[in-house]
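Working from the sequences, and respecting the hints, build out all of it.
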Amino acid sequence: MSRIPFVQRGGPYPFLEVRIVVTRQDTGRREVFTENCKVDTGFYADIFMPSHYQLAISQLGVPLYDTPLILADGKEVSAKACYAHVEKIDDHEFPAPGIDIALFCHGNPKNPLLGLRLLNKWIAELDGPRQILSLFSPA
Amino acid sequence: MSGVISGTRIERHKDSTATVGFQVFTGTTIQMDLQEVIDRLVVARLDDVYRRIEQFDQRLTNIENEFEELKMMIEAGGMKLSEERKLKVQKDICKRLSDLLTKNFMNKYVAITYDGQIVASAETDIELLKKLREITYPSDQIFLHKVGSTAVAGWL
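Note that the protein sequences, when read in sequence, are chains U and E. Heads up: the first sequence begins at 48 in the numbering used here, then just goes up one per residue. Heads up: the second sequence begins at 216 in the numbering used here, then just goes up one per residue.
Hints listed in this document are in silico derivations from the structure and should not be mistaken for laboratory results. Quantities reported herein were computed from a predicted structural model and do not represent experimental measurements. Everything hinted at is true.
Straight-line Cα separation of at most 20 angstroms, SDA-like style, residue types lysine to any residue; simulated pairs:
1. E:345 with U:68
2. E:323 with U:91
3. E:346 with U:75
4. U:122 with E:370
5. E:310 with E:322
6. E:323 with E:334
7. E:323 with U:164
8. U:157 with E:370
9. E:361 with E:329
10. E:310 with U:125
11. E:345 with U:78
12. E:346 with U:74
13. E:301 with U:98
14. E:361 with E:312
15. U:157 with U:118
16. U:168 with U:68
17. E:303 with E:330
18. E:303 with E:331
19. E:318 with E:365
20. E:361 with U:117
21. U:168 with E:339
22. U:122 with E:306
Written out as structure tokens, the structure is:
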């Protein structure tokens, strides 16, 4: 691949630092989460976070909705979902207001997860031997 | 002045205001300085009060610990139960609305209230969440559903 990646990240692999923003529509107040998200291509959605993040979102006054979700072990659970944006991945900042995402919260995973649907917006290269994850803009 | 404290009769000595006589059960009278008597009584009473406070405090700590354990047990069980109950209610509502949903909203994402009203629909979950920001309905009374699928997202 001859193009230059807009994100190139070494260890820990495969992680990306993601700035996730939840905004209350009527007041414009924001809650910013800058998280080291593990890239999980099995998770078909955008961002998955532990349920304790719900508190900050609720306190901001942003509604969270019950949403059925299937976990990796096949178990069906009722997670919480809200509308959010991804403003930045590593050093790359996206044009305002960022990328629209559905943010899911449930349980207590070790790390927040970045799922396949969000990753599919770009061309991702997982260089296993060198432990480097790169993102390229689509042609 | 006279009175009975813990079975001991206390009498003020008639010649002095500063001393008192203790007529104990044996009939012996012990002369003591009034201040000393008061001090001894106060110390004895205070020791008793402190001991009782310590006992009470210990009992309160035990009750608090038991209460916390109980609370944690209830919360752990309650959360699981409420989540399972929510999923069951969601499935029941979707089953009841299945004809309407499959006819008009196949493969779409819908927001349904727990009393069975469809309040919004969209092609994607992101669009649906965006639309819901305009709807003034309590968010805890709404759940999301993807028509024709068991879950909205996850490890599918």
